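Visitor: Next come the chains, spelled out residue by residue.
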Amino acid sequence: MPEATDTLSGHRTLPFFRRNAETITIYMILCVIVGIGAAVAPRFTSTENLTNVLLQSVALGLVAIGQTVVILAGGIDISIGATISMVAVYSSGLMAGTSDPLVFVPIMFVALAMALVVGLVNSLLVSRLRVAAFIATMAMGAIVQGVVLLYAKRPIGKIAPQLSYFSDGMIGPFPFAVLFLIFAVVVTYLILRKTVLGRYIYATGGNERSARLSGVRTRLIVTFSYLFSSLMAALSAFFLISRMGIGDPQVGGMNYDLFDPDSIAAVLVGGAALTGGRGSVLGTVAGFLIVSLLNNIFNLLQVSTFYQWLIKGVIILAAVAAYGIQRRER
Amino acid sequence: MPDPQRIVEMRNINKTFGGVRALKGVSFSCNTGEVHTVVGQNGAGKSTLMKILAGDYLADEGEIYLEGKRVRILSPRDAQALGISIIHQELNLLPELSVAANVFLGREPRSLFGFLTESEMMRRSSEVLKRLGVDINPAVHVGSLSIAQQQMVEIARSLLLQARVVIMDEPSATLGTRELERLFQAIDSLKRQGVAIIYISHRLAEVFMVSDRVTVFRDGEVVGSRPVAEFDRVSLVRMMIGSSTFTEQFPARGASAGREVLRIENLSSEPVLHGVSLSVHSGEIVGLAGLMGSGRSELARAILGVLPCNKGVVRLNGAPVRFRSPRIAIARGIGYLPESRKEEGLVMGMSIMHNTALPSLRARQILGFVRGRAERTKVGLTATQLAIRTPTLLQEVERLSGGNQQKVAIAKWLICDPTLLIFDEPTRGVDVLAKTEIWKLMRALANAGAAVLMISSELPEVIGMSDRVVVLHKGRVAGELAAAQADEETILTLASFGESLSHAGSN
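First to last, the protein sequences are chains A and B.
Under the numbering used here, think of the first position of the first sequence as 1, with each following residue one higher.
Under the numbering used here, think of the first position of the second sequence as 331, with each following residue one higher.
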């Protein structure tokens, strides 16, 4: 055991690099991928392309942040994709039915409320009825997708023109959506690192029984995590309809093939443990940037989807295995 | 009594764990058709010896003979092949499979093409169960059976293995009276079939009901092995205790007790607690003794509101309380150190700092934000006070030694300034130095005015630390002893039999 006895000389803090070894590693990998991108695809480093990458990571980034909080608290959310589709079709569908230019605000609140109901039901299933998180959210995802298809089988509606600011607006040289994503990252970072709530999230995910016996209202914490994830899914949906101008019932991915696995992959690549209590939002940022960058590079190089999937899978496995080895060695 | 054939003999067994001699040249033997009970206090070495026989541990030195022939038992597989089977306290069954599938697990009969022959498994397992004198349908899931029935399934399993020696490790700890009778019937029928049974138990009353022969362990040695008829309750208890010399240093007792902090009146939580009453005063350490399953830990949980109560009142500083969750108990000044620090005491992947601060975070926040500097100062002070040995407080607790982990689990509550502390096994799995430090700390807390309720299986600890001892037996208070009356014999007798023996006398 590497324990020194220097209680009396005061407790040092670990050197920055050792304390953040995992996060630093993942950012180094991110840099390597950027380097490879620059080397193999000349257009990669152009300002438009990089802006484009960032814009493309907004939707995934938002839900990956939500997924991080759920996973840290010891759960998992695979109703995200369906929730995105639901918020997208209901808001665009309802917006199409009105000519009043300002009605889009209450409509967005209605859609957001629907998303929060999904999160609430998820958390009740998990924390009250003790259904395994994977099963509970998968079943909810199926139900929600059903509700979506009941309302629209194909892309419908139109978007209030004001809403397109979300995806197209610029503040100075920066796209509004990217700044919004950064804002969401900062807020989540502060919650997780600086607040009592954040501590409780880590404690609940790390060991629910210990946390409860230490006075943490673990069920409340679990509820918060699912509500937060649903909120992020709704924001992501607003961004997507703003960008596409229409509500697609499959925008979140059918058969769980888009936002659910990608968000989980981003969280895992970012170094979080699927068992909860370990990980960080900064790791997740690296995680979703890696996923987005790879997609971008593949597209620039016109790599077939077959290889895209294959390489994505290999990278997720490699990252998770690397963390496993690193942790066993310590 | 005729002397039947000797089936197992262990000679001169030595075993050391990290410098501690768990077995010091122990010899032990068992005959066919005999129930041989093994008793001794915690850490006396009885389980270690049985685990060596079952192949779970390897002896450092010594020989094992089976029917006079020298054998080597290097793994549980070897033991099984030799017809030695052990039934652990935690049963090893797959709850989702049928009784028959469990009985035959790993040795399923197969038809010509390698398919399982369900019907044959059903037929043969119901045959074995019948031989044990129990009525269990081999087709039902094991998960739907009672603990006692599951134990029967385990026994059936070892019968089918053609076991000639069956070791039962505290089979009765979780059984009720009726179930116990059924277990004894099954043991009886095994006996008649010539199986040797080695029965480990803490419940001395049962020892007299079931044994032919009793061997007593103490401090890694066999101190006596005789037919049960040559023992009575008093001589058995005395032999288990011996003239044990305390090597441990306990801190001196402090000032007299102050006002009453905790009072429990007639508290019941069926089926584990039946009308328990006790009180703890400020400045006092009350030891709560009792065997496993006597309701010690459950009492702590009932106080905290984790375990629901049917009857009775808990009073804190005179006012009746009924906590709905640990959070409220903490807010009212109760600190609870659970029995298992890994599962309940700590979040193993979190740092020392964050673990220590967890229960008191609410007191150090502004608008939901943790006051980082206040936290570092407070945790740093407490860590120094407890002499937690670590290079940094940002270290994850899973990387600390057991003693340091336990100190972190205690530090959590020190920060809260509790008026009542409930310590469940405060020094379990902790090195000697840390033990002494924890004892000193508990005494210092009491001297500073806290009321301390200490649950412990270690009799020397109970006697050395307590100002008063309450002994539980099967969910009831079997007796309450002042520090001067509390000796190992009295406590062990009360814990084992639920009553003091009139002819026990005094030493």
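I should point out that these hints are in silico values taken from the structure, not numbers from a laboratory.
As the structure is a prediction and not an experimental result, all values here were calculated from the model.
A portion of the hints provided could be inaccurate.
As the list claims (entries may be wrong) - Straight-line C-alpha distance at most 20 Å; calculated SDA-like pairs for lysine to any residue:
{"#": "1", "chain 1": "A", "residue 1": "Lys194", "chain 2": "B", "residue 2": "Gly698"}
{"#": "2", "chain 1": "A", "residue 1": "Lys194", "chain 2": "B", "residue 2": "Arg341"}
{"#": "3", "chain 1": "A", "residue 1": "Lys194", "chain 2": "B", "residue 2": "Ser565"}
What the hints assert, rightly or not - Here are some, though not all, of the chain A residues that point toward chain B, as calculated from beta-carbon distances under 10 Å:
{"#": "4", "residue": "Tyr189"}
{"#": "5", "residue": "Gly215"}
{"#": "6", "residue": "Ile246"}
{"#": "7", "residue": "Gly277"}
{"#": "8", "residue": "Arg278"}
{"#": "9", "residue": "Asn299"}
{"#": "10", "residue": "Gln302"}
The beta carbon of each residue, even a glycine, is placed where N, CA and C say it ideally should be.
Visitor: Against the structure shown, which of the earlier numbered hints fail to hold, in ascending order?
Guide: 2, 3, 4, 6, 9 and 10
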